[in-house]
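Student: Chain residues, written in single-letter form:
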Amino acid sequence: MATLAPQAPAITAAAKPRPQRSGMAAAQRRAGLLFVAPYVVFFLIMQVAAFGFAIWVSFHHYDLLSLSNPFVGLRNYVRLPGNHDFVKAFGNTAEYAVVVVILQTVFALLLAVLLDTKIKARNFFRSTWYTPSIASSVVISMIFLYVYHPTGLLNSILGLVGIHTTTAYLETTTWALPAIMFLNIWTTAPTFMLMFLAGLQDIPREIYEASEVDGAGAVRKLFSITIPLLRPIIFLVVSLGIIGAFQVFDQVFIMTSGGPLKATLTVAYLIYENLFKDTGTVGVACAEAVTLGLIIFGLTLLSRRVIDTKIEY
Amino acid sequence: MRPIRLSLALGVVGSLVLAACGSTGTGTGGATNESDVTGTLRAANWGGNPTEESLVKKYEADFHAKYPKITVTQEEIPTNFEDKIKTEMSANSEPDAMYVSTKLMNFAAPAGRLLDLGPLMDKWSVNKDDYVSTLMTPWQLDGKQYALPKDFGDLVLFYNKSMFSAAGLQPPASWDDVKTDAKKLTSGGVKGISLPADSARFDAFLFAYGGNVLSSDGKKSAFNDQKGQDALAFYSSFQLQDHSSDLPDKLGATWPGDAFGKQKAAMVIEGGWLIPYMHDTYPAVQYGSVELPKGPAKQSSLLFTNGWGCSAKTKNPDACMLFVKYMTGKVVQQQVLQSGFALPSRKDLASDPAISSNPDVKNLWDSATFAKAWTFGPHEDKVDKALDNALQGVLLGGLSPKAALDKAATEADAALQGE
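Line order of the protein sequences matches chains X and R.
My numbering numbers the first residue of the first sequence as 1 and each following residue consecutively.
My numbering numbers the first residue of the second sequence as 1 and each following residue consecutively.
If you are wondering where the hints come from, they were derived from the structure by calculation, not from laboratory data.
Nothing here was measured: the structure is a model prediction, and the numbers come from that model.
Every residue gets a Cβ at the ideal spot worked out from N, C-alpha and C, and that includes glycine.
A portion of the hints provided could be inaccurate.
Unchecked claim - Here chain R is said to cover these stretches of chain X; the calculated rule only asks that three of the stretch's residues, wherever they fall, bring their Cβ under 8 Å from a Cβ of chain R:
| no. | stretch |
| --- | --- |
| 1 | 121-134 |
| 2 | 164-173 |
| 3 | 254-267 |
Claimed, not checked - Which chain X residues face chain R? A few, computed with CB under 8 Å, are given here:
| no. | residue |
| --- | --- |
| 4 | 276 |
| 5 | 277 |
| 6 | 279 |
Extracted from the complex, chain X is given alone in its bound form:
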C-alpha cells in the first residue's frame, strides 16, 4: 500500500478514491493468490490430477509395477455388475448406509433436542456424549475389538443381566456388519448432534411461544416446528452421513478385513484389496472408485431434492 501512495496526487480529486482502491485491490488479489498458491498447487496435484489420473487408469488394465498397461476401454466398468465381489460389497455398503444414516440422524437429533432443553448438568452431558467423536476411528475400532470379543465387554455386560453367551460378534455373518454399524453410529452421532444444536439455536423462540399459545404440546412442536425448520441442517447431516457411510473403510480394515464370508466387505475396502492385495487389478479398483464417487454424488443431489426445500413461516 505504501508504494502506491506517491501515485495518488496525479489523479483528479473526484476520481481519486476509485483507481486507488482498484490498484490496491489488484495488489491484494495478487497477494491473495500468492497466499493460496501453495494450497492450490497442492490441490491441483493431489486432488484434481489424482482424480483425473484415476479416471484414466480405470480405462486400462493396470498394474503398479508393470510398464505396459494396455487400454481396455470400458471393460473395467462393464464387468462391474458381473463381479460378485463388487455386487456383494455394494449391497453391504448400501445396507450399511441406509441403517447408519437413518439411525445416526435420528439419534443425533434426539440428543440435540435433549441438550437444548434446560436439563441439569447440560455441559457434563454435552462433553461426555461428544467424547467418542474425538478419538480416531482406528483407536475406537481397536477398543471395540475387545468389546465384541467372545469374552469381551459386551458379553460380560450381557452376562450380568442373565444372558450368557460367547458369541464372537465379528466372526458371524449375522452380527459382523451390525456390529460395525453400531460402532459407527455411536462415534459419529455426537458430531452431528453439535450441528443440530447449532441449528436449534437459530430457531426463534417466538415461534415456539406462539405455538404454545395455540396449545401445541412438546411432540407437536418437535414435528411441526423443530424438524421443518432444521431442514437445511438435516440435509447437511444426511449428506455428510451418506458420504461417510459409503466410504466406510477404517473399521473394516482394522476389525474384520471384510470377513466373515464377505459379510463386511465394503466398496472402499474392495478398492483397497484390488489396489494392493492383488496383481493387475488397479484399473478395476479405479473403475470401482469412480463408480463409488458417482453414486455418492448422485445420492447427495437426490437428498438435496428431497430434504432441502424452502419453508417460510
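Based on the hints, put chain R in the right spot on chain X.
Tutor: Relative to the frame of chain X, chain R by itself:
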C-alpha cells in the same frame, strides 16, 4: 506423509519424484575383495516384536562392524509391509535391501523389480546348497534366485501332555489316532482339537491327500478335485461329525494357540511361534509335539518362510549381496535359532544343540524336508481368501465340501484370470 504416499500409489507424482529419493552410493564396480566393497544401503524390515526389532538392529550393526565401508540405514515398516514396498517400487523409491515375503516375491519378481542374486552369489561365493532346499524354491522363478531365506516356520501337531496322560493316551502316530484321541479328550467345554477356518492350516491336509491349490502352470485352481473334497471332508469331520473340534472363537480364544494355552483344546496344528508364546503366556501348560502324521497320499506340512533380497534398481548390488549373505549366513542364523522366534534356514545348523536337544524344535526342523511352501503366485491373496471362505462355508454355513470348494474355485479362477 500418508496422503502423499497414497497419491504415490496412484503413480500421479511418481514420475515427478522419480529417482529423487533413490539410494545414494558410490558403487563399487570391479571390486573383487569383500573388504573393498563400499556403498550405502537402505534396508527395510517389518516390525515383529520389540525383541526381534532390536535383533535386526544388532545384526545390522554387526554387519557394519565387519564391513566398515558399507553403511546400512534401517527402515522399519511396522505394518502392511508389502503395500508400502509396492508403493515405493511404483515410485522407484524402494530400499536397496529388504525382507522378501513370499507375497512380495509373487508380485515383485514377475515384474522384474527384484535383483537376480544368482550371478552375485557366484561372484561372492554364496553356496545355495548351504540352505535347506525346500526354503530356496519359493524365491525361484524362471531359473533365477530372487532372495535367500532368512528363517522359516512350519506346522506340527502340538498336544497337551497332562490331558493326554490323564486320559491314558499315547502321542498320536496316525490321523486315525488323532481322530480317536480327539473324541476321547472332548468333554464339556473342552475339545480334543481346534481346527480353524484357515487355509494356512487346511492346505497341509490338502497336500497330504495329494491335492493342490493351483494347477501346475498356476493359471487355474485345483483344490476342488476329489482329493480336495476328501481332505475338506476329513478336516471338517472333527467339528461336524465327531464334535471333537471347534473354531477358536467358539472356545473363547483368539487363535488356536490361545485355545491350547487356555486348555480348551487338547491338540492344535501350529508352528514354532507357539513355543515362545506358551513360554510367555501359559508357562504352566505341559505340552509336546509330533510331526503331522502321513496322509492318504504322503506326509506333508506347510512352510512359511521369509527371505532377504535386493531391489533390481539398487546402485550397490555387490554391497547388497554381501548384506544378504551376512543376514542369511551362519553367524546371524545361529542367533536367529537361539532367539527362538523362528528356525534358521541353513543346513549347517542341523547339528546345533538348540535343535537336536529340543524335541519340539527337532520336529519342526525335520518337517521342513517334506513341507511345502505356502505361496501361490501373484493372485494368492484372493485364492487364499476364496479357500478361507470355503472353509467357513463348510464349518459355519452348512455347505458340503464339494459345493463350498466349487464356489471357491469359481472365485479363485476369476482372480487368476485377472478379473
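Student: Hint by hint, note whether the structure agrees.
Tutor: Hint check:
Counting residues of the stretch 121-134 of chain X whose beta carbon lies closer than 8 Å to any beta carbon of chain R gives 0, which falls short of the minimum of three for the stated coverage. Residue count for the stretch 164-173 of chain X with a Cβ under 8 Å from a Cβ of chain R: 5. That meets the three needed, and the coverage hint holds. Only when three residues or more bring their CB closer than 8 Å to a CB of chain R does the claim for the stretch 254-267 of chain X stand; here the count is 4, and the claim holds. Below 8 Å, beta-carbon pairs count as interface contacts, and residue 276/X has one with chain R at about 5 Å; its hint therefore holds.
Using the Cβ-Cβ criterion of 8 Å, the hint placing residue 277/X at the interface with chain R is satisfied: the shortest such distance is roughly 4 Å. A hinted interface residue such as residue 279/X counts as satisfied when its beta carbon comes closer than 8 Å to some beta carbon of chain R; here the least separation is about 4 Å, so the hint holds.
Against the hints set out earlier in the document, a violation occurs for number 1 only.
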